[in-house]
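Assembling the complex is the task here: the two chains are given apart, and the hints tell you how they should meet.
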Amino acid sequence: MEPSVIISFVIIPLFAAFLIPLVGRLVGGFQRILTSSIMLLLLVLSVFITLQGPETITYMAGGWEPVGGVPIAIYLVLDPLSGFLLTIINLLGFMSVFYAISYMRRYTSENLFYTLVCLMVAGMNGVVLSGDLFNLYVFLEISVISSYALVAFGVGKTELEASYKYQVLGALASLLVLFGIAMIYWRTKTLNIADISVLLQHARHDTFLVFVQLILITGFGIKAALIPFHAWLPDAHSSAPSPISAMLSGVLIKAVGVYVLIRLFFNMFQLDTSLAIVFTAIGALSMIIGVVLAIGQWDLKRLLAYHSISQMGYVVTGIGMGMILLARGGDKSIAALAIGGGLFHMINHAVFKGLLFLNAGAIEYAAGTRDMKKMGGLARHMPVTLSSSFSASMAISGMPPFNGFFSKLIIIVAAIQGEFYLLAVLAVIAGIVTLASFMKFQRFAFYNKPEKEPTAREVPLAMRFSMVTLALLCLLLSLLIIPDIRQIFLEPAVNTLIETTEYATKVLKL
Amino acid sequence: MKGMSLIVKKMAQLMSGLIFVYGAYIATHGHLTPGGGFAGGALIAGAFILMILANGSGYVRLKRQEEGSSAVESAAVLMALLLATIGLAAGTMVFFNNYLPPGIPGRLISGGVIPLYNVFIGIEVAAALMTIFLALVIYKEEISK
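Residue numbers (our numbering), protein chains in the order written: chain A, 439 to 948; chain B, 2 to 146.
In isolation and in its complexed conformation, chain B is listed as follows (with noise of 0.2 Å):
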């Protein structure tokens, strides 16, 4: 795939960062304010897809990256699973147990396991969609070929 012009880059290379960091704001922040997990990850994704649109890949380069999204993407659900499962292994044996202390309602470490379940799924979903996007330009490249 080829890139853009030199304009477009050096712009993608300014907002990529800053989108990427709001992304993980957002979805640090699920349990105090609107958005979560999901909206955050889509905003990762973004910075990351906003990257490859205008910088251009080749095609090697695009399998090896779909190959490790969808390796993070699999660790991260395997990751949420556990957190869920140690729930269910410490003493309480209840799935999905909330185990650690609640905290000061308001502060950003509080909630118990939830901002970490919100971590997590923000992972998941941006390695998740950058996956898709991945596998519709591959196929694209491979159709021009």
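Excised from the complex, chain A in its bound form (with noise of 0.2 Å):
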């Protein structure tokens, strides 16, 4: 495949988010087609990627080749994982840009919207295709900073609070990720991700590194909202307009957060047991307070937020065991089931977190309120949006045949597996609770007897249309469960993150 496709995923958000401010005051609705058209584009570009193969692209903007075999070009690469990654953030984003044409139109100033969130995707889809320290940091910085204008949208009194604690805590993150990458710019004088990994090879049990990674997991944990650097999350994604909640739960925290540690970890440090069980018990501890906190909730989209943290719990533990299991060079096949689950844990939590953030602004454009106390009745006015979110509420508690259940399933049988017998039974207590808590939203949000009968109505089209193709790839993502499917799509990810030193090899081509 043509290398410079690669590109074309940062370069054509970035060209739509300067032709809205343009053309879309003087053309009225131009910004919902193009923004949607080209979500469109780069969802089928992405999902012809993937299903390509597993082939790792690398490409030099500027064309500046290596010298003596030390690469001094930005890099771009696209390998499995990168691929996978580039799927996910472009199916949610074409289904919330698809679902704001419907429900951003209550909003003024639409371009300012669509402008935030092709920037938003284009800083996000850097993310997952740098393969150079510094621009990765670039792009994240691109990303995030559209995120806290878009948490701010409403410009209500709430939402400003929430973006302002979301900048701070937001800002500081980014300090200690460039402090980070500035201490490894000091020790190996380079930033491309495969030169350091290559210069890092016989860096074992370096007090040095030791504390630069425990900087990077502080920095990008802000990122992505793990427990004890939680406390932004709940505010932001609930105040942000539903579309961008989906976007930021479903898919902000993994690109910017999630992502960036395990490609670190695996791919330029040494896996290190000691920090393998930080990562490990980081995620374990999101995982369970995560859902206790959730479950006390009343604010529907508050409740959904805490959720994320307990279901990137799930994500960071799966990921973590593979990692301890790796660093002790322990079996690599059981290592392989635990980053597969997390990996596929990953893919339905965008997709049923997504959904169930799309589902809560259904609730909110019809009835008009985000507190559960007050909805009720719901089921009988509101069918879509009913069986939608019970798919996804199936799917997030981990109830067969939807796509939560096995990626759980994975998890726990690769715990066991690992001897990892205590994190098997937080995460299936962590999945009752989860069970528990979905079941209270239901009855209050569609079953309970509200005190006077609602007059709320279905949501228009295009907002049902992205509630029922979520709701059916939360049943389709079962799927990956079988093997031949498995092997096309998520195993070549896995074992870019098993074979850890393979990434250094195939960029730089040794």
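Treat the hints with care, as some may be off.
Lysine-lysine pairs mimicking DSS-like chemistry, simulated, CA-CA at most 25 Å apart [said to hold, decoys possible]:
| # | chain 1 | residue 1 | chain 2 | residue 2 |
| --- | --- | --- | --- | --- |
| 1 | B | K141 | A | K603 |
| 2 | A | K595 | B | K146 |
| 3 | B | K141 | A | K595 |
| 4 | A | K812 | A | K890 |
| 5 | B | K3 | B | K64 |
Only part of the chain B face toward chain A is listed, based on derived beta-carbon distances under 8 Å [as the list claims (entries may be wrong)]:
| # | residue |
| --- | --- |
| 6 | S71 |
| 7 | A72 |
| 8 | S75 |
| 9 | A76 |
| 10 | V78 |
| 11 | L79 |
| 12 | L82 |
| 13 | T86 |
| 14 | L89 |
| 15 | V95 |
| 16 | F96 |
| 17 | F97 |
| 18 | N98 |
By construction, these hints were calculated from the structure, which means they are not laboratory data. Don't be surprised by glycine CBs; every beta carbon is placed ideally from N, CA and C.
Here you go:
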């Protein structure tokens, strides 16, 4: 495949972002059509690339070839893991933007909204494609700064407060990340991830690097809202407009948080048992504390936001167990199972949490409230929202045959096989509490008898389309459990993480 | 927003032209001397901001100026992106390719595409700083109403 296709994932949304304020003010509806169509194009492109097969493509911006084996250009690297993340980002991006066609009509300045969405998508695509630490930082800032503005889009008191909190913690995280990158640059004199990985090959048990890794865990941990660093997430994700909440919870915390952590820990640093245990412990804490905090919430979007922390805990726990096994030199097939479960849960979480936020948006659109105590009796009036939110609720609670069941099952099986019995028990408990809190959501939103009969009506077509498609995906993604399908989509991504040093070899073509 | 005294107005008129030319000089000579698009753009924005602060401006006029500067900003980014994409389209398939002849080092017209990037970045930064300034001024006007 032509390597320059990679760069289009960044260029196309950037072009759209700056065309919208120019043309959008002259031509009505331009912003909606353009954003939806480019997101569809990127979705098709990313699926097409994933189906092409597990090859690693590198692209050197500016055409600067390596000098004496030392890479000097800005590298963009498309390997199966990046392809996997690209598919998630653009899938959720398209669904949210298509949903926003109807949803955002009640807001003013739609041009600004679509400009910021395009910038956020460009930034996230850049983060997962970048093969260079500093550019990774730049793309990360592009996406999170647009998300600060998008959180505050409603310009009410709560939105501004949430956005301010998010900005303060986000700026702290960015500072730590930049500090970490500077320390690595100081040590290795290069910013290329593959090159750094080659230079750090023999640096085991190096306290300097352990310090840097801890700083990076803190920095990206804040971006990913893992448990000790989660304070901003419930406010920010519940105050944003619903399509943006879906994007933030569904992809942003994965692309700029967890993805970068696992990419750097597996493919750049040498795996270290004690750090892997820290990583897994943070994941397990998020999994259990997130869900305990969630169950008491009465604000629907806040409840979903706390569940994002808990579900990302599953992802991190799964991948962390694989990391411990690999670092100890344990069984590779169990490590592959654990990491596969984590990545599988990542795409599942993107789909069902995105859908749940879109459902919350639909309920807010129709019934005008986010408080579950004031809802009720919506089952008869909103059948599409009811059925799609039911499938998402079952998926997130881990009920068969929905996708969440299979990924949680894989994570628990891997935990038992790897003899992490405590983690297996915690995962089961968190699953049960999740089921309880989604039963609460279903009951209070749809079946409870309200004081007066609601006047809500089913939402417009564009919103229904996104919700139904994502609900179908909740079922279809279960197919990833079948080995033949898993081989195309999931296994190559797992292999990039298992074969830790292969990344550098493939990127630098050693 | 009210303007300032006659002395300030006259001095601002005299100075802002010089500042503008100096900004343009820094931006266009970015590949030869220290500075470049960002520094030059900041100076150009300074020239406009000085004039607005000295002479004052009405609410409606500020709004219109903000619309204009944000449009210029988007257009300048688009032009810079277009310059980079031409490199992609022009045979070599390389984004950010330097496809113009390099010229003689030290001359104003040399360095291929780099001076053009500097010019557009200068316009972009000037327009962006101007937009931020105008947004703050408009906010203050709205509050004091």
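Comparing the hints with the structure gives:
no., hint, in the structure
1, K141(B) / K603(A), "holds, 24 Å"
2, K595(A) / K146(B), "holds, 21 Å"
3, K141(B) / K595(A), "holds, 18 Å"
4, K812(A) / K890(A), "holds, 10 Å"
5, K3(B) / K64(B), "holds, 16 Å"
6, S71, "holds, 6 Å"
7, A72, "holds, 6 Å"
8, S75, "holds, 5 Å"
9, A76, "holds, 6 Å"
10, V78, "holds, 5 Å"
11, L79, "holds, 5 Å"
12, L82, "holds, 6 Å"
13, T86, "holds, 6 Å"
14, L89, "holds, 6 Å"
15, V95, "holds, 4 Å"
16, F96, "holds, 5 Å"
17, F97, "holds, 4 Å"
18, N98, "holds, 5 Å"
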